[in-house]
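Q: Add chains B and C to chain A, keeping to what the hints say.
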Amino acid sequence: MADIAKVRLTIDGISTEAEKGVLLVEAARRIGIKIPVFCSHSKLLPLGACRICLVEIEKAPKLVTACTTPVGEGMVVFTRSARVVKARQGIVEFLLANHPLDCPICDQGGECELQDVCFEFGRGKSRFEDIKRNFDNKYGRIKLSPVLSWVNNRCIHCERCTRVCHQVVGEDHIGMLNRGDKAMISTFQFTQMTCELCGNCAEVCPTGTITNGTVKYKDRVWNLTPNPSVCLLCSSSCATRVWTDLKGKVTRVTAPKDEQDCCDFLCAKGRFSFDADQGEQRLREGTKITSEVAETFQQSESLQPTVQAFKALAKDSGSTAVIYNSRIANEEAYLVGRIARTVLKTPHVVPLENHEGLTSYLDRFSGRQSTSKDILSADLILLVDAPLARETPMIGYFVTRAVRQKGAALYTVGPEKTRHSSMGLAHHWNAPGASKDFVLSLIEALQSRKSDASAEFNKIVDAVQGSRQMVIIAGSRPLAEGPAFIRAIESLSSKVANSKVLMVPEGGNTLGAMLMAGSGMRVPGWGSNVSQNGCSVQEDVLGAIEKGSIKNVLLIGEDLQEGLINWPRWKTAFAKLANLVVFDAFRSELTSLATLAVPVRSFHEFEGSVLSALGEWKIARGSIPGAVGQSMSRLLLKLESELGGAEQSFASVTSEVKKLYQWHVSRATEAVEDKKSADSAGKDKSTGGNPGKDGVFLLIGNDLYHSGAMTLRGAHLGQFLNRSLLMNSADAEKMKISNDARVQLKIGSDKVSVAVRTTDDIMSGCCFLALNSLSPDERRWFGGIGKPLTAVIISGGAA
Amino acid sequence: MISEKIPTSVDKFKAISSDNISVQESDDPGDRIVTLNMGPSHPATHGVLRLVLSIDGEVITEVVPHIGYLHTGMEKLGEYMSYHQFIPITDRMDYLAPMLMNLGYILGVEKLLGITDEIPARAQWLRVLYSELMRISSHLIWLGTSAIDLGAMSPIFYALQDREQIMNIFEETCGARLTSTYFRIGGLREDIPDTVIPMIEKFLKDFAIRLDEYQNLVTGNPILINRLKGIGCLSKETALSYCCSGPVLRASGVNYDVRKARPYSGYEKFKFNIPVYQEGDSYARFLVRMDEMRESATIVRQAIDAIPAGPVKIDRTDIILPDKHRTQGNMEELINHFILSCRGFNAPVGEVFSTIESSKGEFGVYLVSTGGEKPYRLRVHSPSFLNLSVLPAISRGSLIADIVAIIGSLDIVLGEIDR
Amino acid sequence: MILHDVFTLLIFPGCLFLLFLGLVFQFIDRKLHARLQNRKGPPWFQPLPDLLKLLGKEEIIPEGANPVMFQLMPIFAVTGVIASFFYIPLWNSQATYSFYGDVIVVIYLLTIPTFTFFLGGWYSSSLYSMIGAMRSQTQFFSYEVPLFMSVLASAMLADTWSLSEMTKWYSNHPFYWMFNLIGFFVAVVALLGKLEKVPFDTPDAETEIVAGTFTEYSGRLYAFFRVALDIELVVGAALIVAVFLPFGFDLGPFPGFFVWLAKITFVVAILTVARSIFARMRIDQMIEFCWIYLAPAAFCQILLSLVVKGALH
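Residue numbers (the numbering used here), protein chains in the order written: chain A, 1 to 799; chain B, 1001 to 1419; chain C, 2001 to 2313.
Be a bit skeptical, because a hint or two may be false.
[As the list claims (entries may be wrong)] Coverage of chain B stretches by chain C, computed from C-beta distances (three or more under 8 Å per stretch; other residues unrestricted): (1) 1146-1153; (2) 1217-1230; (3) 1389-1402.
To be clear, the hints were calculated from the coordinates, so they are not data collected in a lab. Glycine included, each C-beta is placed from N, C-alpha and C at the ideal position.
Just chain A, with the same shape it has in the complex (with noise of 0.2 Å):
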């Protein structure tokens, strides 16, 4: 890439530099002179409403705003001169006419931009003598989210808030009515938001317009303290400041705000989830329960019992298997795998999501996917049956920033509509399963066209030729279908000039547990006595165990539970094992059956290193006060020396782990240059599922609000829910099954009653559940990921 062209200019005297089309409120920050500012933000487009940021610039006859005017050769600015610093004590002044005196109730006052901003550069003395505007209680104060707090009077209608919504988010659900001084912030007739990334027009509110509705009047900022720590419970792996109070209870999550380009927002998971690790769901105590004795312990007092268990477990190594799922550490996952392999020599390392095309992902492309600046910087976005802002809303940041900011090119390939399709250019149906056959088919149409492709399909095809820059980016459904898949898209990439691939997992650290336990993990000298033939998915090890070959399970992760498929099997399979050691952050069935239970420590509260789907290797420091026991990775640490193993230090397992990622890399360059992978691309099959056939469905289940039972467990997700089945509007005519109608699902041998909502947004023959809406029991079929169930719908009736 070429060197941007620098300019040359003086600010308050001193002299600098900037690259062209830096604006100076950013070239004025870098060299520490803080200029104020309300309606731009770094993330957004510049607009220059509030007229804060006035500066002098010399031989210009007007004041102009610093956010808007970038760099210029020569420049010479004032941002200290008297008429700059009357003209902000004048607009202060206007701003605080009409603005209430909420600052003892209001619950931004000490976080407060406003409040900042005017105390620093006003008059500090009010001239106002008139009454202030009040939106009544009409138009002013309707909930207008079920967690956020909005009192229009505070509004200085900077627009942040229906920028956010419109570049950031994407929902469109926010915008300014009325004009003038009766100009208010509102959604459209005055419904209801629902947003997957809720919570961000509240982060950037420069006042307390919208705040964060869940911690209203608990506490003020000042006595809460930020500990930075990263979400694991989406693959983008997003960086927060989880607060605490004086206490030490977790208060809120907010997003971190410094260089990096995932800071400034979070999805609504990652924000409002604060209370889903806390009360009584909690596992705080480990048990011990065997035939002889039921007790239970501290973790952080008895290691004994722990160990016990460990050693009964390596006794017989051929017969134990060990499973864990995705929302663990970097470094936890890498103790697992080795205490598996060099302290209980088992074969079998199983990951609880079932990822069977991540392995190959990651041994082909780690270290070369796209980050966020290739997805920034494309012209051309391609989502292959990726709901983004169902699983992973802060990659779909990305790709709106992409198109709402930058004006890329968007394309959406998949059996439904998600929400980035609505400001994508066109959307191609391809039935759920067959990705792979629609990379393939994009591949062929690239050389040589054929006629009985649609529109749509034409339209990909020359927009892939005349790109530039490329990023495409698949979700879980593809990742599901296999290796598969990886190869096609490999295949793809490679035609295609400059253009990069990302694969969306669903869950948490999918990647880094993967890569540092999965059983892809092939670091020389480890296990070379054991053999490799050992279970790769859960079904194998249930078939295992239910023939017996299996008689201990460890099982690390949290909320595992929820992870098994077909639960009630598990359970009568759990009871023929002679060891059953849980360490898990919640209570379950899985954990009181469990004959030791081991307490962990949750999502907030974890310590180590997450990589995200992007690449990025985020640190949680695992600060917050009031966590349960140590972290993981220093009790796996422990553990390990207590059974043999070498002392290890913590900080060094940190960066054992950081070494291990960067070999994983460098392999996979070596294997780019491996040709023959990509030509065996065509000749795999099809595995596409038949939807519709005989009244059968494909059920394509994943939510993002469900994501294990993260949601449930917490009071102010739940609120989100989306509790019924959505159908095709022509299936469900065919079908005689009309809007808000109660159906019965036929899975397997179970059926389920679920309410119905028809849409056009989803394909004939395919359906989509929201997991929420079921029972425990229920949801137990949807324990895997990414591969669609087939059901049957019978309508009519309650269940």
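A: Leaving out everything else, chains B and C in the frame of chain A:
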């Protein structure tokens, strides 16, 4: 800097418990030196001061003061409080002259902010008025307690009576008798009520009579003179090398008073003398303080006669809290009040050292600011600490009864020493 | 007869009456002291509750102290002062008991309390008590001689060694006691020293050595010491009154009693005023004062008495 009189036998008397009698052989065979602990809780040690005396019969051979019993971490607290929040803490340093402590700290902060010249004239004048009243009050307490240490049990009741009048004046002004916190950064908390001036006039009238009686008590009392003359002689060189200040220094012949040397808060407009005596013994220190009371009374008289009109607070909304009634109806004032109370104002980067003449000596504060609302370091320069450090040097060779007289004449306050 | 003796010894004018008087004059002393300091002072019944309170408190005997001596000293103090009272003429010129030489005996008995203070402090094993005890002994050597000499002067003028004889002689020779005024003042000052009141209270210097000899005493033992001090006040005043103000004995029992009370009150008042207005003298200054001023004054009194006696004959 320290004179060669510091003994080498300090190591012999480390931590000694209160009911041991350790009889040790001293360097001089035939002498028996006994260690006596005038423990922290003692009627005569002004506050919680522990003195470990080694006595030979009644003669003292060594005095080791132990301090720290009243330490409350004020300087450390200062690093966690905004500049405004720290003012009540200064009240608790020399709790017998709180307004002077407030003034010393506040002048330091005003110097840091660079607003020393903008303080309104009325505020400065009233500051001088109340400082001098405070000085009289502090000296009255000193007089009463020193007399009672020497066995004269009656003067303290009369001194406290006069002090009651001053306390009532303070209560009328700001609501608090002792820990007043009346001065603020940028002026005063509020203007004085009209009822105060007649009270001060009455006090001055009564005090003039009483002052003569106290003078007589000191100069016309042979027993007192015998107890004080020639006791605890402090030479000029020793006093200067120990950094003594205040009446202790002026009784040893050094004409140094911060009010004349580096006038602050409008003191240059007042006419008053500085009493200086040459002898350096306890009697001279007594006389200095008696004369100081007289001078303070004249300053108060001059102050009452000509209080200038005007505001009592500087006109800087980013430093001063707005009037409370304005915050309930006006937005800017509410915001300013919120930010100033919850965070404090932003101080510029810099360091200042600023002192005043308090009743005990030169009191001041050394402030280091790295920007922000809280100081980086708040170091208090306490005169009692330095005055106390001279105690071993001047009391070697005197009797136990003299120690009490000497401590009384040094006039120390443990709150200021220990902080 | 025995009953009468028992009544005299124990009730009136014996122990109980003496105790009662001690409390009364303690009150007068405290009230006057307070009024001089512009305070209100205690109510009239205060000394009795104070005594009862002390009697009810716990006695703590220090570890290193000699328990026998420690506990005996207060008892000896009380005994000594009570014993000396019976030889002093009160409102009659004849004391309850008298014999030739009882002046010496009375003065001797009055020194017993001082010795008990010293021994009590010495056996307390506390440094403060020891310093107080030393000071009390040093002080003893200073004031005892002038006191003895001034009483001696008065006795010499009356030409007898018995107190009762002395008072009878002075009753027969009215206004001769005016010659003893110097001695009166010397005796009052010396009495200040004996009672350890300001300006001679270095043994009990509160602000210097906590409580001097009495530092380790508490409870009943301290109560006894306080009682001893109160009674010593009455006895000392009674002695001075008997020796230097011997008039008003012929008025009969009732008026005489009140005259006697008035005289005692006068002496106590002088002591109290001195206590209120003076500061404390250092021990060396006290010795200096006693030997340079008091003793010569007493000596002058003796000379005067000799001259007058000579003139009489």
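Q: Taking the hints in turn, state whether each one holds.
A: Tested hints:
no., hint, result
1, 1146-1153, "holds (count 7)"
2, 1217-1230, "holds (count 5)"
3, 1389-1402, "holds (count 4)"
Every hint, counting from the list given before, is met by this structure.
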